[in-house]
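> Keeping the supplied structure of chain V fixed, place chain X upon it in accordance with the hints.
The listed protein sequences derive, respectively, from chains V and X. When you number the first sequence by numbering that gives the first Met the number 0, it's gap-free, plus one each residue, and the end is 77. When you number the second sequence by numbering that gives the first Met the number 0, it's gap-free, plus one each residue, and the end is 279.
Since the hints were derived computationally from the structure, they do not count as laboratory data. Only a predicted model underlies this, so the values are computations on that prediction, with no experimental measurement involved. Built from N, CA and C at the ideal position, the CB exists for glycine as well. Take the hints with a grain of salt, since some may be wrong.
[Said to hold, decoys possible] For the chain X half of the interface with chain V, some residues (derived, Cβ under 10 Å), not all of them:
| no. | residue |
| --- | --- |
| 1 | S57 |
| 2 | F150 |
| 3 | R159 |
[To be verified] DEER-style ranges, computed between Cβ atoms:
| no. | chain 1 | residue 1 | chain 2 | residue 2 | range |
| --- | --- | --- | --- | --- | --- |
| 4 | X | G65 | V | H7 | 24 to 34 Å |
| 5 | X | T275 | V | Q46 | 57 to 67 Å |
| 6 | V | A54 | X | P219 | 22 to 32 Å |
| 7 | V | Q46 | X | P102 | 25 to 35 Å |
Here are the chains, one letter per residue:
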Amino acid sequence: MGHLSGEHLYEIFARQKREDRLEHIGTISAPNAALARAYAWQTYDEQKWFEMVVAPREAFEAVNRDEEPFTLSPAEVR
Amino acid sequence: MSPSDAPGFRTADDVPVELREDLAGLLLSLADNKRLLGMRYSEWLLGAPTLEAGIACSAMAQDEWGHSRILYAMLKDFGEDPGQLEHEREAAEYLNSELLDDPPADWTGLVALNFLLDAALSVQIESLKDSRFEPLHYKVRKVLEEERFHFEHGRGWLERLAQTEAGREALLAALTPAWASCLRWFGSPEGGLVVRLEDGGISDAGPDGLRARWLDRVGPIVRQAGLGLAERNADGTWESAVALDWSAWDVSRRRSGEGGLNAETLAGVRGDKNRTMLMD
Numbered sequence: 000m001g002h003l004s005g006e007h008l009y010e011i012f013a014r015q016k017r018e019d020r021l022e023h024i025g026t027i028s029a030p031n032a033a034l035a036r037a038y039a040w041q042t043y044d045e046q047k048w049f050e051m052v053v054a055p056r057e058a059f060e061a062v063n064r065d066e067e068p069f070t071l072s073p074a075e076v077r
Numbered sequence: 000m001s002p003s004d005a006p007g008f009r010t011a012d013d014v015p016v017e018l019r020e021d022l023a024g025l026l027l028s029l030a031d032n033k034r035l036l037g038m039r040y041s042e043w044l045l046g047a048p049t050l051e052a053g054i055a056c057s058a059m060a061q062d063e064w065g066h067s068r069i070l071y072a073m074l075k076d077f078g079e080d081p082g083q084l085e086h087e088r089e090a091a092e093y094l095n096s097e098l099l100d101d102p103p104a105d106w107t108g109l110v111a112l113n114f115l116l117d118a119a120l121s122v123q124i125e126s127l128k129d130s131r132f133e134p135l136h137y138k139v140r141k142v143l144e145e146e147r148f149h150f151e152h153g154r155g156w157l158e159r160l161a162q163t164e165a166g167r168e169a170l171l172a173a174l175t176p177a178w179a180s181c182l183r184w185f186g187s188p189e190g191g192l193v194v195r196l197e198d199g200g201i202s203d204a205g206p207d208g209l210r211a212r213w214l215d216r217v218g219p220i221v222r223q224a225g226l227g228l229a230e231r232n233a234d235g236t237w238e239s240a241v242a243l244d245w246s247a248w249d250v251s252r253r254r255s256g257e258g259g260l261n262a263e264t265l266a267g268v269r270g271d272k273n274r275t276m277l278m279d
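Just chain V, same shape as in the assembly (with noise of 0.2 Å):
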């Protein structure tokens, strides 16, 4: 898939009820966090979410690790 410019990747994270652990579920590629939102629920329909939300991955925090987190495209996760 050809990525246009200007796209970010953001990690999608989801529950299916209320007393679960947000879980990583996914990633997408997309301009802006609104195009994020929309693609995310989406693209993850199979299940019925209690909550999504999604990330920027530029947000994430480096801890053990000197490289950015997260080092696979989502070409290559896919």
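The following block gives chain X in isolation, referenced to the frame of chain V:
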């Protein structure tokens, strides 16, 4: 009379005769617009600018078709035959916005439908959430939950395309006619079914109220995108920067112009290819 202090209607038969035809007309108008908008989304399953946008169009097409099916089915209570409505009508009988007569010329045109027209349909549907016609309550909430993401999608693409000068020019060319059409679609201030349905407590807003809600929703975003179609008033409300031309307005079809669906769209939307299977 406001929706909250008047007795509710549980079935179409409970609705006063003078309101019944208007309510059926509103439901049919929403059903037709959603069925056709779903078709326009479906035309971009392949060929959207990104894979994710194609998936989003697929999801939005399914949502719109689901909503239209619910609305056509509701009309059974009003003495209509949903099968006839879905498969047997001519172009002039569809109560669709003129924006859906022909496919949009390009992706920017689809974004205009997504961001402006889909939002206009949602504003009209939202006005029914506490309607005296009670069968609408649950259905309206379900529709609006799904529509939240249609709005996000339209907004996201608008913001994305507005980042370049060429993108803004293309957006302005696509959005300007759609902008006026959507504002007119809520109805002329003097009359029409939207006015009567507000008076009867079926809807909680008339044409001007619906226009104001739509402008409050889309105005800040088009302004932020540098498109200048809307202006913010001192009190925080929004108004259109585009004057409306009502000269071609047809109050009964709730559209401008005498045209209608093109032949290919009509054949597609009523399922002409599958006519041999519609035996029952």
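> Confirm or reject each hint.
Going down the list of hints, with the structure as the test:
1. S57: holds (8 Å)
2. F150: holds (8 Å)
3. R159: holds (4 Å)
4. X/G65 / V/H7: 24 to 34 Å: holds (31 Å)
5. X/T275 / V/Q46: 57 to 67 Å: violated (38 Å)
6. V/A54 / X/P219: 22 to 32 Å: holds (24 Å)
7. V/Q46 / X/P102: 25 to 35 Å: holds (33 Å)
In the structure shown, a violation is registered for the earlier hint numbered 5 alone.
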